[in-house]
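In order, the protein sequence lines correspond to chains A and B. Counting along the first sequence from 1, when you hit position 274 you're at 274 in my numbering, and nothing is skipped either side. Counting along the second sequence from 1, when you hit position 208 you're at 208 in my numbering, and nothing is skipped either side.
No lab work stands behind these hints: they were computed from the structure. All clues stand as given, with none of them false.
Result set (DSBU-like, lysine-lysine): computed pairs, CA atoms no more than 30 Å apart in a straight line:
1) Lys130(A) <-> Lys181(B)
2) Lys130(A) <-> Lys260(B)
3) Lys204(B) <-> Lys181(B)
4) Lys285(B) <-> Lys88(B)
5) Lys238(B) <-> Lys88(B)
6) Lys285(B) <-> Lys134(B)
7) Lys238(B) <-> Lys130(A)
8) Lys128(B) <-> Lys285(B)
9) Lys128(B) <-> Lys295(B)
10) Lys295(B) <-> Lys68(B)
11) Lys73(B) <-> Lys128(B)
12) Lys181(B) <-> Lys260(B)
13) Lys70(A) <-> Lys238(B)
14) Lys130(A) <-> Lys70(A)
15) Lys68(B) <-> Lys128(B)
16) Lys88(B) <-> Lys73(B)
17) Lys285(B) <-> Lys68(B)
18) Lys216(B) <-> Lys53(A)
19) Lys73(B) <-> Lys290(B)
20) Lys295(B) <-> Lys134(B)
21) Lys216(B) <-> Lys164(B)
22) Lys290(B) <-> Lys68(B)
23) Lys216(B) <-> Lys204(B)
24) Lys53(A) <-> Lys88(B)
25) Lys216(B) <-> Lys70(A)
26) Lys181(B) <-> Lys70(A)
27) Lys130(A) <-> Lys164(B)
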Amino acid sequence: MGRWRRLFSLIVLLTPSYGWLVFAVLAPLGIMFVFSFLSDVPIGERAVFFTLKNYQDFFQNTFYWRLTAKSLLTGLYTTILCILLGYPLALIMAKIIPHRWRTALFMLVIVPFWSNTIVRLYSWAIVLRKGGVLDLFIQWLGFESGSLEILYTYQAVLVGLVHGYLPYMVLTLYIAIDRVENSFLEAAASLGANAWQRFWRILFPLSLPGMISGSILIFIPTIGSFVEPRLLGGRTGTMIGTIIEDQFVQLFKWNFGATLAFLLLVVVLILMALLGLLLRQMRLLRGEGG
Amino acid sequence: MMKYKALVILLLVVLMLSACGGQATPQPLAPVATAESEATAPERFTLRVINWNGYGSDEPFVLEQFGKLYNVKIEHDYINSEEEILTKLRTSPATYDVILPNVAYLRIAMQEGLVEPIDVARLQNWEKLLPRFKDLPELRDEAGAVYGVPWVWGATAIAYNTEKFPNGIDSIQALWDPSNKGQVGIFDSFEDEIVFAGLALGDKTPYQPDDLQAVKQKLLELMDNVKTLWASEDEFNKLFANGDITLGNYWSGAAARAAKMGLPMAFVVPPEGALGWIDTWAIPKDAPHKDIAYKWLDYMISSEFYLTWDNTAGAPAPTTQASLDALAEDHFNRAVMGNPEVLARLVFMETMSPETREEWNRLWEEVKASQ
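Could you put the whole structure together from the sequences, leaning on the hints where they help?
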């Protein structure tokens, strides 16, 4: 009797969240998956039939592959930059700064989350343009070898993306590093490990799960990004994300847009599977098992 | 460890799903703007308009004159391309009251049954239209029913910074000139750019290009000079005012407005030619407020509206004789656009087949992707 009641309450408790998940996430995704195999958007009296043409179009035009590769590389660069910038920050916050200062530092990290993307990117435009804040600062420092202009370049896109996604890395790394007991490090020190060895042999491996989840949180949205490239990238700002957006917003080619989005999803799934495999191999090598 | 792994996988799945779902969200750069009327009495209903941002119908005086007169709230949905008008009509039928396609896209809307025939007898100002607009065959179906009311017309040609080019610009090749590298802003539209490249190649019929590969090559060369692509009037003006760009292809009416705002901008129709367009007001099929839509059409082609627009903000060339006569002798829309030689240089936008549009769009995507 108790078992049935538990089952019943489980169903009651889980139905809203899973029902919502199915309705809000899986249903539109399913519709888009079907769309990617249709010849046209089924609205009005359009003759619609199943076709592989959208997928053929992708594979026959090599520039779509190149754009996909460009977007994947952009995701990779953004992730690496976020690790390089975020790791020291998370380390300092978790292990060095006293507790009462952490809240203030957290605020600084989280503020980009609160600001509207468009506002954030236009602010970057003011900083990065010729005669902008950064340019004037560099000139004030005394570098006079011409003016610095980053706006409307690929680098500007990376600046915008890193700024927007850095909080994910800092927060996940902070949680991972904070969980490493100080006694581990003290034990290592008592056995003669120097600061570098304590970091590289103890702290770093134990913070890896945080780094990996942070990387996944950053990599996946950045490869589909379209606002940052469009506003900051100038003529270099065409990505697979902007092409997908054009199909939906401007061109009414939802079918091809859905195809591009699904192919990107497949690429991501393959990469994640490879990453999972790699991590398992690493663990097996270290003798930890599954 | 297992717990952590499960968490990562869950996050991963949710994120991937939401990342893909997110692709379909509308571009945040084109927000829906609501023009609030200040009338104290509640408006009877909302007139929903599709137009470009800052293009006449959303001027404050329109709300003052038209909105108050008929006690309606006027709400605009802004577009960044003609295709977007069609997209909005296809996905939201019976939602909009009036739309502003150019003649080429009006044809597509007619073929797809997205617009209603207009009873021109209900428009007091219809007879005031210049014959070459009133009698335009493209406005009509085989039975002779009219579907669009010609509002204004103009050119997509070259706007440039008069401080940077004190001697003016006398060729479309200025966009390709290596001395202008990194200073050019171009409209992110496959149609406009392919026509411009064709004209620059000396093609008099750029809608039927002799050699599409040569056009592509020409566009790749153009990209070397391009600083960035623009999608709206506001965006072009910002780029221009900041000095990010000093020249680019632009609309005649928008250039007039920018000059009126005090930007050092001049507009030229180069000898090689430029793109011409005629914008028409039309009523979508099953528009919710047809009576007011007719009043809107009539008001939009009135000289009262046109002259106020031109005086306060700046407008493209008018379609009625009365409006034209009221302009000063040296007004751009009278002196330059009224010049038959300039008119002869314009290649007017043509209705393209879906196949051609797809081919041109793919070419343009490839050019953009090469950067």
